Amino acid sequence: MSKQKIHKILLIVLFSLILLIIPIITIIKSVNMPAKPFSENENRYLQEFPKFSFDTVTDKSFMQDFETYFSDRFVLREEWISMKNNFDRLLGKREIKGIFTEDGRMIEAWKEYDETSVNANLAAMESFAQKYKNVNMYFMLAPNAQEIYSDTLPANCGAANQKNFIKMCYDATPSIKGIDIYNSLAAAKEEYIYYRTDHHWTSLGAYLGYQSAASVMKYNPISLDKFSIEHASNSFRGTLYSKTLDDSITPDTIDFYTLANGEPELSMTVYRGTSANTYDSLYFRDYLEKKDKYSAFLGTNVPKLEITTTIPKESDSGSLLVIKDSYAHSLIPFLTKNYSKITVIDLRYINGALSDIDVNISDYQSVLFMYNVITFSEDTNVKKLNFMA
Amino acid sequence: MVFSTSVFLYLFLPLTLIIYYIAPKKSKNFIILLSGLLFYSWGEPIYVVVMLISTMIDYFAGLVMNKFEGRKLPRRICLIVSVVMNLGLLGVFKYSGFIAENINAIAGQQLIDINNMNFFGIEFLPMNMLPIGISFFTFQSMSYTIDLYLGNVKVQKNPISFAAFVTLFPQIVAGPIVRYDDVAKELDDRTITIDLIYDGIIKFIIGLGKKVLIANSIGSLWTEIKGLDLGGVSVLTSWLGILAFTFQIYFDFSGYSDMAVGLGKMMGFNFPKNFDYPYMSKSISEFWRRWHITLGSWFKSYVYFPLGGNRKGLPRTVLNLAIVWFLTGVWHGASWNFILWGSLYGVVIIIEKLFLGKVLKKLPTAICSIYTMLLVILGWVLFDTADLPTAGNYIATMFGASGILVDGSALYYLSTYAITFIICIIGCTDLPKKAVELVRKKCTPLVNYGGIAVMAGMLVLCTAYLVDQTYNPFLYFNF
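Chains as they are written, first to last, in this note's numbering: chain A, 1 to 389; chain B, 1001 to 1479.
It is worth saying that the hints were derived from the structure and are not from the lab.
Given the structure is predicted, the values throughout are model-derived calculations rather than measurements.
Any given hint could turn out to be false.
Distance condition first, Cα-Cα at most 30 Å in a straight line; then the derived BS3-like pairs of lysine-lysine [to be verified]:
{"no.": "1", "chain 1": "A", "residue 1": "K93", "chain 2": "B", "residue 2": "K1433"}
{"no.": "2", "chain 1": "B", "residue 1": "K1026", "chain 2": "B", "residue 2": "K1154"}
{"no.": "3", "chain 1": "A", "residue 1": "K5", "chain 2": "B", "residue 2": "K1154"}
{"no.": "4", "chain 1": "B", "residue 1": "K1028", "chain 2": "A", "residue 2": "K5"}
{"no.": "5", "chain 1": "B", "residue 1": "K1361", "chain 2": "B", "residue 2": "K1433"}
{"no.": "6", "chain 1": "B", "residue 1": "K1433", "chain 2": "A", "residue 2": "K111"}
{"no.": "7", "chain 1": "A", "residue 1": "K93", "chain 2": "B", "residue 2": "K1282"}
Covered by chain B, per the in silico footprint, the following chain A stretches (three or more residues, Cβ under 8 Å) [claimed, not checked]:
{"no.": "8", "segment": "5-15"}
{"no.": "9", "segment": "20-32"}
{"no.": "10", "segment": "49-62"}
{"no.": "11", "segment": "68-80"}
{"no.": "12", "segment": "92-102"}
{"no.": "13", "segment": "152-166"}
Chain B is faced by these chain A residues, among others (derived, beta-carbon under 10 Å) [said to hold, decoys possible]:
{"no.": "14", "residue": "K84"}
{"no.": "15", "residue": "N85"}
{"no.": "16", "residue": "N86"}
{"no.": "17", "residue": "E265"}
Cβ atoms here follow ideal geometry from the backbone N, Cα and C, with glycine treated the same way.
Start from the sequences, fold in the hints, and give me the full structure.
Right, dumping it as C-alpha cells:
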C-alpha cells in the first residue's frame, strides 16, 4: 500500500465506524428498552414503533413516526443535545430554546402574549368577582425570574415588561384586590427566591408573596424566624434544565419551611377523577427521589385539593378558595398557618361546573387567584369561569 | 427523505452503502434503483409513481428513437412525446394552480375552482402537491431524450441502468441536475477507488456541515425577522435579515449539492460541480456562471443554443436571453415573485452583454463586487417573500421606509449572530480552500491527518444538531 493512501484509508475507516457503531448501539439500546419507555427529562413517553400499513405509509405518518422513534432512542441522546446547545452558545447565541442562562441561573424568556386571550380571562374574572360580591376576592400575579433579573439579560433581547403586565391585569379587574408582590421580590433579588434550573419560585420567594399578601388579605403573617428550614433535596434540576441540559449550573435546593415549635395538625385530601386520598402532610417526599422534585409541594396538579388545619381561633382567617397554577404549591404551606380551611382548584383540570366537584363560591370568605405571569398570559382556562360558576 | 436527518445518515446510508459495496458489479445499478425508490418514497409514497412514469416514457422513447435511426420524423415524434410528457407533469403538478389562479384573476371570476380541480378524472389540490424534486428529475430525464435526438449520447437499452440514472438517490431531490451525458459512461462501467471514496466522504461532510451547522443557524435569524411586523423594523434589522437569507440559501443549496456530489463519489460517480463561490462574482453574468451551474448549463444546452444562441444577430440574442431567463424564473417556482426575479436577472444580463460588462471591467473590483451582491441580495427579497407587495415593502424598509435606521433589537441580532455572520462571510469565499492549500505546501501530513480530525469533529457536531431536531421536552404537561 502506498504511503500517500494511509490517511485516506484512515478517514474511510473512521467514517465507516461512526456510521456503523451509532446505529448498532442505537438498535441494541431500543431492543432492550422497556415496553413503554418514559423520558423523565422530557416528561413524555417516547415514540413507539409505528404501525406499518397502507394508510400509515400513504399519509406519511409511518415515516414521520419512525423518524421520531429512531431519534428518541438515539444513543447518548441527551449528550448530543447538550453538545449542540454548548456549540450554539459558543457561536454567541445567548437564548437557547427560549432560555437565557445568565449569571449562574436559567431564565425563561417571555416576549409576547395573546392579548385577546388574556383579556378574555380578565373579563371572566371580573364578572365572576361581581357575581360574588360578598366574597373577598384577591389576585396575586407573581413575576417570573425574567422580570426580577432583567438587568442580567442581554440588552434588547426582546423580553417584555412583566411589571406593566401585572399592573394591566390588576387594573382590568377592579373588583378583585390586586396584591403587589413585585417590590418585595425585587428587593430580595440577592436571596434565593427563584430556582436556578426551574421556572418556579422557591419557598423563600413564596414566603415573600405570603408576607406581601398579609396586609391586603388581612392576616398576621408568621415571621420568618419562627420557621425552621429543611433542605429536603439539593439535587433538583428543573424544567429549564430539561431544555438546556446545561450541567454547569448548580442544581437547586428544595426547602421545606416548617414552624420551629411544631406544625399544626392538618389533613389534605387530594381529589383526582373519582378518587380521593387523604394525607396528614403537605409534602410528598417520594418526589424528592424523582426528577420532578417540585411536585413534593402538594403533589402534581390535580383538579381539587382540600386542606383543613387546626389553628387557634384568634389567628384563623377562615375559609379560602385558591384558583391557581403551580406557583401556588409553594405558597399554600404558608397560607395554612392563617386559613383553617383551604380549597385549591386548578381550572386546567376541570371541565364541568364547579358545583360538580362540590365547590360553591359562597361557602368561602375569600377567593385568591394565584398565578405567575408566564402561565397566566398563556392560560386559556380562566375564562371557563364564565360558565363554571 | 432528506440527507440531513438521523434516519438517513445513521440507517439508510450505512445500510445502502454496505449492500452496494458487497453487491456484484452487475447488480449495483439494481441496488441504486431499489435504494432510490425507497429514498424517494420515504418522502413521496404516492408520487413516486409520477417519477416512475416519467422514467418509463423516456426509456421507451429512447428505444423507439434508436430503432428509427436515421429517420427524422419518428425520432422527432419520440422527442416531442418525451418533452411534452415531462413538461406536462411539471405543468400539472407545479403550475396548474398558479395558472388557474391567474386565469381567474384575469377573468375576474372563479372560472376554475382551485379547490376542486381534476386531471383525467383524478381530483387534486394543485396548491398542496408538488412531488419533491420534480423540477430536477424531469429535467434530468429529458436531457437523455434530447441528447439522444441530437446524437450526443448512445441509447440505454438496459431499463435498470436507465432507471438507476433517474432514481440515483444522491441527486434526486435537490440537484445538481445531472445530465445523462454526465454519467452515461459511469452508469455502465465505473470503478470505485479509495481516492474517490475519500474525496466523497470529505465533500459529503463539508456539505452536511454547510447545511446543518451554517445554513440552519443563520436561517433562524431570517425566519425571525421575516415574521416581524415591517412597520417597526429598522434599516439595519432588515439588512441583517436578508443577509441572513443570502447566506442561508447559499449554504443550504450548495451544501445539498456538495452532499450529493460526495455521495455520488462514494458510489463511483462524478457529478458535475454546481456552485463555484458565486458570491465572489464581479458581475451578474459571472454570478450565474457560478451559481447553480447545472441549471444554467441545462438551459444553455437545451434552450439557448437550439434557439440560435448569439449566432443570429443582436436582436435575436436579446430575445433568446429573455426567453431563457423568463424560464429560469418560472423553473424556480410557480409565482410572480419567481418570474419577476428570473426576468430581472435576464434584463441585467442583457444590459451587461450590451455595454455594462465592458464598463465593469474598467471599474475597481470592489465596486463590481458591491454592484453584483447588491443586485443578488435585492433579488433574494423577491425570491423569499410571500408576494410582490411584501417584497416591495421589504425593499422599502431596507431603504428607510420605517424611519428607523438602527434600533436596539438590530444591535441584539447583530451581537448574537456576529460570529455566525463572520463564519458565513469567510465560508462563501475561497479563503478556506486557499488556506488549506497553503498549509498543504508547507506541511502535507498536517493537512492529511488534521483533516481527518476536522472531518470527524464536524460529523459529530452535525449529528448533535440532527438529534436535537426532534428534542421536544413536553414540560408543562404536569405543571
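Counting residues of the segment 5-15 of chain A whose CB is closer than 8 Å to a CB in chain B, do you get three or more?
Holds, because 9 residues of the segment 5-15 of chain A bring their Cβ atoms closer than 8 Å to Cβ atoms of chain B.
Does K1361 of chain B pair with K1433 of chain B here, judged by a C-alpha cut-off of 30 Å?
The hint holds at about 26 Å.
Take the C-alpha atoms of K93 of chain A and K1282 of chain B, compute the straight-line distance between them, and say whether it is at most 30 Å.
Not satisfied, since the Cα-Cα distance of roughly 33 Å exceeds 30 Å.
Pair hint outcome, K1433 of chain B versus K111 of chain A [Cα-Cα no greater than 30 Å]:
Violated - the C-alpha atoms of K111 of chain A and K1433 of chain B are around 42 Å apart, more than 30 Å.
If you take the shortest Cβ to Cβ gap from N85 of chain A to chain B, is it below 10 Å?
holds, 8 Å
Do three or more residues of the segment 68-80 of chain A come closer than 8 Å to chain B, measuring C-beta to C-beta?
holds (count 7)
8 Å C-beta criterion, at least three residues: is the segment 152-166 of chain A covered by chain B:
As far as the segment 152-166 of chain A goes, the hint holds, because 5 residues have Cβ atoms under 8 Å from chain B.
Satisfaction of hint between K1154 of chain B and K5 of chain A, Cα-Cα up to 30 Å
violated, 36 Å
For the segment 20-32 of chain A, does the count of residues with a C-beta closer than 8 Å to a C-beta of chain B reach 3?
Held - the segment 20-32 of chain A has 4 residues with a Cβ nearer than 8 Å to chain B, which meets the minimum of three.
What's the verdict on K93 of chain A and K1433 of chain B, does the C-alpha distance respect the 30 Å limit or exceed it?
holds, 27 Å
Just to be careful, I want the Cα atoms of K1028 of chain B and K5 of chain A compared with a cutoff of 30 Å; is the pair within it?
Answer holds: K1028 of chain B to K5 of chain A is near 25 Å, not above 30 Å.
Go check the segment 92-102 of chain A versus chain B for me, would you? Three or more residues, Cβ under 8 Å, otherwise it fails.
holds (count 4)
In the structure shown, a violation is registered for the earlier hints numbered 3, 6, 7, 17, in ascending order.
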